[in-house]
Amino acid sequence: SSNDAEAIEKLANVEMVSQVVNKNKTITANSESTSVLVSGVDANYDQIKSLEFVNGDFFDEGDVLSAAKDVVLGDEAIEELFGEDAAEFVIGETVRIDGRVFQIVGIMLDSNEAYVPLTTAQTTLFGQTYLDKISVYMTDSELVDAVTLDIEELLLDEHDIDDPETADFNVQGSQTFVETISSVTGT
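Per the working numbering, the very first residue in the sequence shown carries number 2; after that it's consecutive.
A hint or two may mislead.
[Unchecked claim] Pairwise CB distance ranges (calculated):
#1 ASP133 <-> ASN14: 22 to 28 Å
#2 GLY100 <-> GLY63: 21 to 27 Å
#3 GLU94 <-> THR124: 19 to 25 Å
#4 GLN129 <-> THR167: 36 to 42 Å
#5 GLU94 <-> ASN4: 20 to 26 Å
#6 ASP163 <-> TYR131: 42 to 48 Å
Honestly, the hints are just simulated from the structure, not real lab data. Note that CB positions come from ideal geometry on N, CA and C, so glycine has one too.
Required output: the full structure, derived from the provided sequences and hints.
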């Protein structure tokens with residue numbers, strides 16, 4: 002829940018979190034369509050996942066608060082919908098997700114995904130209030146295991162669960178992701 006996300010963000014060594022909901026959806030533009038994973042996320046998700054942009058930018062907190070109908074699309078989805086080299090001219094153009102019109106505000110490099118503001122996904126696209134996951138960003142990759150345990154303990158307490166075997170959540174520490182970031186940043 003959003004309460005869980007707020008509590009996790011207050012933990013030591015957690016720099017930021019993003020709530021996430023996602024589903025596979027068909028996106029159409031003109032007479033073309035493509036199926037992609039559409040994720041509703043908070044405005045800081047691009048920082049947490051270190052997304053790279055070909056053009057445009059990620060939506061901001063104001064877009065999340067207002068449930069804006071903005072979409073950030075991967076360049077592969079853009080190519081399928083608009084053709085080769087379209088990333089140069091489609092910012093501001095519209096696409097339809099489940100028949101609803103969204104404006105393209107950003108295009109990501111090497112991606113076939115789509116991101117919309119969390120609130121838009123929850124109310125307009127998915128009709129769900131629960132979260133599918135919470136993405137966490139921490140400053141020190143050496144602490145992944147410790148922070149993973151802290152999150153697990155916090156959620157067990159928040160959900161009033163005594164036996165970890167009966168947990169209604171799953172915490173995954175992503176050492177692989179951290180190693181990837183380390184190799185990219187050289188740390």
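Cross-check of the supplied hints:
no.	hint	in the structure
1	ASP133 <-> ASN14: 22 to 28 Å	holds, 24 Å
2	GLY100 <-> GLY63: 21 to 27 Å	holds, 25 Å
3	GLU94 <-> THR124: 19 to 25 Å	holds, 23 Å
4	GLN129 <-> THR167: 36 to 42 Å	violated, 23 Å
5	GLU94 <-> ASN4: 20 to 26 Å	violated, 37 Å
6	ASP163 <-> TYR131: 42 to 48 Å	violated, 22 Å
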